[in-house]
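Residue strings, one per chain:
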Amino acid sequence: MAGRIATRLNELGITLPKLGAPIANYVPYRVTGHLAHISGHGPVGADGRYVTGMVGAGVSPEQATATARIVGLQLLSALSDACSGDLDRVRRCVRLFGLIYCRPDFTAVPAVMNGASNLMVAVFGEAGRHARTTIGARALPMGISVEIDAIFEIA
Amino acid sequence: MAGRIATRLNELGITLPKLGAPIANYVPYRVTGHLAHISGHGPVGADGRYVTGMVGAGVSPEQATATARIVGLQLLSALSDACSGDLDRVRRCVRLFGLIYCRPDFTAVPAVMNGASNLMVAVFGEAGRHARTTIGARALPMGISVEIDAIFEIA
Amino acid sequence: MAGRIATRLNELGITLPKLGAPIANYVPYRVTGHLAHISGHGPVGADGRYVTGMVGAGVSPEQATATARIVGLQLLSALSDACSGDLDRVRRCVRLFGLIYCRPDFTAVPAVMNGASNLMVAVFGEAGRHARTTIGARALPMGISVEIDAIFEIA
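Residue numbers (our numbering), protein chains in the order written: chain V, 1 to 155; chain H, 1 to 155; chain W, 1 to 155.
One chain only, chain V, in its complex shape:
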């Protein structure tokens, strides 16, 4: 029998991406007590390649918002693995930290991050509402447009 969140993902037409291998000497997440610390993940496009480019210089805010949602899906994939595949164990999204590769005069980083935040709320409802910090980054791994890490409380 599918779980409540699995059913919700299905309703939303979401299939979680395969959990990508870390690009360096770290792991996708670490659990300590009831907290799952998810690593900073990046956006893997439909072609299997990272989505790169600077917001405000070739990448539009709208594109970046869609990219933030893609990163959110990667976070959910890591989270699912942390829960042995049972996302009903998720009690709440505690915090998202969003890093946006952008021009120094770009001020709409919160709107970009909503691409990921809206996803969490859509999937988990009230439990998906989270604390959040967002920064414009000078550089990100491989030149990706958006990197996000997360803390979830799990049962």
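Certain hints may be false.
[Said to hold, decoys possible] Computed Cβ-Cβ distance ranges for the label pairs, DEER-style:
no., chain 1, residue 1, chain 2, residue 2, range
1, V, ASP105, W, ALA127, 41 to 47 Å
2, W, GLY58, V, GLY48, 31 to 37 Å
3, V, HIS34, W, ASP105, 39 to 45 Å
4, H, ARG91, V, ARG91, 17 to 23 Å
5, V, THR7, W, ALA127, 33 to 39 Å
6, H, PRO17, W, GLU62, 53 to 59 Å
7, H, SER60, W, ALA127, 33 to 39 Å
8, H, GLY58, W, SER60, 29 to 35 Å
[Stated by the list, open to error] Facing chain V, according to a computed beta carbon distance under 7 Å, are these residues of chain H, among others:
no., residue
9, GLY40
10, VAL44
11, CYS83
12, ARG138
13, GLY143
Derived by calculation from the structure, the hints in this document are not laboratory data.
Even for Gly, the Cβ is constructed at its ideal location relative to N, Cα and C.
Given the structure of chain V, go ahead and fit chains H and W onto it with the hints provided.
Relative to chain V, chains H and W alone:
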């Protein structure tokens, strides 16, 4: 009867600002176990508008230090809400993360962040001493000069 | 009798550096429950001075990777203090957050951070594998090349 920290705030002449509404799809804080994760907050000036501008390019280090204190007050306001108004429940300030919107050659970010750190120690004493990480940011939401998030342990 | 990790450090030829005094109003670490939050630390060179400079503009990626390892040693020194000198109390490295002072077009920040990550795995083995977030920073305290903070779970 006023609590110990409320009395201390009064001694310091501090009235906590009204907790501002988040500017996007997130909440001002999330509590998990005994940890209150406070979102990245920005400085709301006396005129009710965000304090913006780049340190080293129009904004002086001294102004930025005062701005970091204003952000600290916002953090305390969110923390108070997380404690249902009773700041005596705060056991310790665990960590501050300071993001300073500045020129690439600005090196005095620690002095700027002291504007917030000094506030925490003034209010909570030894319990206000915290771990800290400070970064010069390429961009911040709405062009604010300082953004800070925090973790507090609460009873 | 020397502990397991002390023996391991000895095998690796590592002597932990003296824990430096924070450069502003914060402490090197804060413990809450089983979590030790280590402050953002910087690289202190053999001459006792901070290692500064921008990666991709005077500092090579290889130099920065070595610098990240030096910061990792500072983190271990703070962690040891948090454990009253007994690193056998460390259960796992939960998360590293790496801030690399670099050019906006520098994309190899993950390789730089491996300088610290490889150290954690060398010292703690499987327990040293961690979640990780890495960002290219616009500015860092005193112009240091690398700043890293950490969360460890301790007994």
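Report task. Under 7 Å, Cβ to Cβ, is where ARG138 of chain H needs to be relative to chain V, so tell me if that hint holds or is violated. Result -> 4 Å, holds
Requested in this report: Confirm or reject the claim that GLY58 of chain W and GLY48 of chain V have a C-beta distance inside 31 to 37 Å.
Outcome: 36 Å, holds
Requested in this report: With a cut-off of 7 Å on the beta carbons, see whether VAL44 of chain H makes it to chain V.
Outcome: 15 Å, violated
Query - Outcome for the supplied range 29 to 35 Å, where the beta carbon pair is GLY58 of chain H and SER60 of chain W - result: 34 Å, holds
Query raised in the report: Per the hint of 39 to 45 Å, is the separation of the Cβ atoms of HIS34 of chain V and ASP105 of chain W within bounds?
Result: 40 Å, holds
Query raised in the report: CB of ARG91 of chain H to CB of ARG91 of chain V, is that within 17 to 23 Å?
Result: About 22 Å separates the Cβ atoms of ARG91 of chain H and ARG91 of chain V, which means 17 to 23 Å holds.
Requested in this report: Grab the minimum C-beta distance from CYS83 of chain H to chain V and call the hint holds if it beats 7 Å, violated otherwise.
Outcome: Violated - the Cβ of CYS83 of chain H stays beyond 7 Å from chain V, reaching only about 15 Å at its closest.
Query raised in the report: Hey, does the GLY143 of chain H contact hint survive, CB to chain V under 7 Å?
Result: The hint holds - GLY143 of chain H has a Cβ within 7 Å of chain V, the shortest such distance being about 5 Å.
Query raised in the report: Using the C-beta atoms of ASP105 of chain V and ALA127 of chain W, is the stated range 41 to 47 Å upheld?
Result: 44 Å, holds
Query - Status of the given 53 to 59 Å range, CB of GLU62 of chain W versus CB of PRO17 of chain H - result: 48 Å, violated
Query raised in the report: For the pair SER60 of chain H and ALA127 of chain W, does the Cβ-Cβ distance stay inside 33 to 39 Å?
Result: 46 Å, violated
Query raised in the report: With 7 Å as the cut and Cβ atoms as the points, is GLY40 of chain H at the interface with chain V?
Result: Constraint on GLY40 of chain H satisfied, holds at 3 Å.
Hint compliance for this structure: hints 6, 7, 10, 11 are broken, all remaining hints hold.
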